[in-house]
Amino acid sequence: MALISLSFESARAAVYWNGSVSSDWAEASNWTGGLPSTSGAGDAIINPGSSPNEKPVISSAVATTVGQTYVSIGAGLQVTTGGSLTTVSLITGIWGDSNVVDVSGGTLTISNNLLLGYGGYDGKINISGGTVTANYLSINTTRGAKMNLGGTGSFIAPASNLGNINYWIANNAIIAGNGAAGWSVVADTTSLSGKVILTAFNPNNVFTAANNNNYAESGNWNNGLVPTSAQSAFINQHRTAELSTNPSPNQPGSLYVGQGTGSESGTLEVSSAGVLSPGNLLIGRDGSSSGTINQSGGTVTVTGGTFGISSNSNGAGSYHLSGGTLAATSAPLWLGYGTGTTTGTGNFTMSGGTLSLGSYFSAAFASGTKANVSFSGGNATIAGSLTVGRQGKGLAEISGTAYVNPATLQVVESGEGAADSTLTVSGGTLAVSRQINVGNSVDTGVASSMVISGGAVTWHADGQTSGLFSVYSEVKVSGNSATIGSNASTDALFNVRATGKLRYQLAANGSVALINVPNATMGIAQGAQLIIDGSALSLGAGTYSITLVDHNGYSAAAAFGATSMSHSFVGFGLTCTPTISYDASAITLHLSVGGGSDYDSWKSTNNLTGGPNADDDGDGVKNSDEYAFGLNPKSGSSANPISSAVDKATGIFKYTRRKQSLTGVAYTYESSTTLTGTWPAFTPNSATSNNGDPIEEITVDVPDALLTHPALFIRVKAVQP
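Here this note's numbering is used: the sequence shown runs in plain steps of one and ends on residue 924.
Calculated directly from the structure, the hints in this document are not laboratory data.
Some hints could be false.
Said to hold, decoys possible - Dumping the calculated SDA-like pairs for lysine to any residue here, alpha-carbon to alpha-carbon at most 20 Å: (1) K862 <-> W882; (2) K679 <-> S629; (3) K349 <-> N367; (4) K349 <-> P361; (5) K851 <-> I917; (6) K825 <-> Q863; (7) K862 <-> S889; (8) K920 <-> Y872; (9) K857 <-> S847; (10) K920 <-> W882; (11) K862 <-> D803; (12) K851 <-> P913; (13) K857 <-> T871; (14) K349 <-> V303; (15) K857 <-> P897; (16) K349 <-> A390; (17) K857 <-> D896; (18) K857 <-> K920; (19) K825 <-> D801; (20) K825 <-> W805; (21) K851 <-> T886; (22) K837 <-> T871; (23) K857 <-> G880; (24) K862 <-> V824; (25) K862 <-> I845; (26) K920 <-> D818; (27) K920 <-> E873; (28) K920 <-> G833; (29) K837 <-> V824; (30) K837 <-> Y872; (31) K857 <-> N893; (32) K920 <-> P906; (33) K398 <-> S341; (34) K857 <-> N835; (35) K825 <-> F772; (36) K862 <-> K920; (37) K920 <-> T876; (38) K398 <-> T289.
Whenever a hint applies, use it, and build me the whole structure from the sequences.
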């Protein structure tokens, strides 16, 4: 093994990387002693920079050094696409183990020597893109120094180096693909006269876009062949492939769109007559990688057993179907699939076309993952279960003209749900062939919900003789355009379980939220909750009877179950206690609303459009609280009633409120020393008013015992009558 002796020029002062400002090589403040390109500069010593900028990055600048470049102990260097570095020599591993020199694009030109592990320590170079050129290469393998080639990266040296290069290849000091099976180093001695060019051969097929973005053109793949069933194909490295024809062949063993341990990404556009039949299809896999498939036409058929979006990834994968056909009859479609601490987000949107799935459409599998599903058009058929949320958080929406037909529907799967998940139906049709479960009997603490504000929801769409729509958590009905029903001829039951909630969110225009359950009986178990929510409802003075109908004449007399179920009323501003009555066909809500209240006058004076729980000025304070504390409900800057903070010496603080004689609101005082746990109530020494009208300022004297704490937090609560 040949070694090169080094000499230092005493007349030149070395410059040192400190990374104190950023990772930008060209930023002068990141260097001590001046930039390496400054006339008269000595060698450039790259020390570890300030976290998180451990290594300098050359991504756009044309960088040069007057002297040699040393990568010191624990330090590294990165050259990316658009960057260029020219230096005399590059030396790693001379004083201790260096970090990696990473060239993923651009050029690294070394006029003399590339010395890896020169002092007998580790000091690797990874060339995954771009070109590295040196006049001489030396690798001291004592502590594992080596060169790794991958992707489109290349290393060029004089042909006189070939003997040593072949030795290092044979002894795994120069490797390809990090030594993965099937990868090899290619030494080309014919393309450049007097030179040897080292590249990596990838047994997989990688889309390079060498000529254009055409997926079907063999010259755009690193192996010169459109992927076959024996190969795995990769579209990553921020490239976009376009498929509008039927290529030959068209069936890779596995197709990865966006794959890699780093922040890889890739995009596939399928349109027109494009045909693709991968065995397995994975979008955004591993690390923080992401990937996207946009399908506006053509046909994509997954023939194998794996179809994953953001699988084992902390990135975001997406499939957008707006036309054509997508089919995976043997493979579950997993969104946000992962294990451990995986936090990837899988996205699936469908605005047109046809979807045909087999066993599952499951959202958010790992505890930290998320899945977003949107159907706004087209026709989707799922032979198995549409599962919204397993161990992670699932959000699904059906709207527009979409027709979605799963065999079963599960919002949070039994025994596995760990995060809140929601299915919203605002339009279109959800036709479930068999059973619907919202929540489950195991994960009763998970706030899974189904929100129905429009469209049609039907269970037992296959016409079987019995069926069940079980509500373990919450179903919200928020509009009178929603239809909920069953095509089962007998024994169909809409069942609100003991842990379940059925919430009617009455509309602001006074229309009634209806639940229309033909061919089915509504059962409400004892312990279940019926919540009548009128927070968006504006009622004038008078007496109202609002009827909530559960059927079209098909219900049995036992509809609505036990009358001992609990009721709650939200956001009406009523002047009496509401009453509720049952009969065989309906729930009737009786309301009495007074006229000429102070709140109504205040609301009219301020031209408010929202109800008490609304926030007209968007400052985070409800209209009812702005009213209670004498704030301006039309000004976002009027959000804090505290006019004088607590004085630790005297225990005095002041706040504003609307006069109690007008509002009838009660005010209580609570304290905390930690901002955690409970807030015990306390009685002030005194609370006096300045008698302002209609807004008064209250001066509160906090008890001395509370002032002895090193930290004290006080809050005032308004209790509406």
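Each hint tested on the structure:
1. K862 <-> W882: 25 Å, violated
2. K679 <-> S629: 12 Å, holds
3. K349 <-> N367: 13 Å, holds
4. K349 <-> P361: 19 Å, holds
5. K851 <-> I917: 12 Å, holds
6. K825 <-> Q863: Answer holds: K825 to Q863 is near 18 Å, not above 20 Å.
7. K862 <-> S889: This hinted pair holds, its Cα atoms lying about 17 Å apart.
8. K920 <-> Y872: 6 Å, holds
9. K857 <-> S847: Given that 20 Å is the threshold and the Cα spacing comes to 5 Å, the pair holds.
10. K920 <-> W882: 11 Å, holds
11. K862 <-> D803: Given pair K862, D803 holds - Cα atoms ~15 Å apart, limit 20 Å.
12. K851 <-> P913: 10 Å, holds
13. K857 <-> T871: Distance of about 14 Å is within 20 Å: holds.
14. K349 <-> V303: 10 Å, holds
15. K857 <-> P897: 16 Å, holds
16. K349 <-> A390: Answer holds: K349 to A390 is near 16 Å, not above 20 Å.
17. K857 <-> D896: 16 Å, holds
18. K857 <-> K920: 14 Å, holds
19. K825 <-> D801: 17 Å, holds
20. K825 <-> W805: 14 Å, holds
21. K851 <-> T886: 17 Å, holds
22. K837 <-> T871: 26 Å, violated
23. K857 <-> G880: 25 Å, violated
24. K862 <-> V824: 19 Å, holds
25. K862 <-> I845: 16 Å, holds
26. K920 <-> D818: 18 Å, holds
27. K920 <-> E873: 8 Å, holds
28. K920 <-> G833: Answer holds: K920 to G833 is near 13 Å, not above 20 Å.
29. K837 <-> V824: Holds. K837 to V824 sits at ~11 Å (cutoff 20 Å).
30. K837 <-> Y872: 27 Å, violated
31. K857 <-> N893: OK: K857 and N893 at ~10 Å, within 20 Å.
32. K920 <-> P906: 18 Å, holds
33. K398 <-> S341: 16 Å, holds
34. K857 <-> N835: With a Cα-Cα distance of about 18 Å, the restraint between K857 and N835 holds, given a limit of 20 Å.
35. K825 <-> F772: 18 Å, holds
36. K862 <-> K920: With Cα atoms ~15 Å apart, K862 and K920 stay inside 20 Å; holds.
37. K920 <-> T876: Holds: K920 and T876 sit about 17 Å apart, inside 20 Å.
38. K398 <-> T289: 19 Å, holds
Going through the hint list in order, the structure does not satisfy hints 1, 22, 23, 30.
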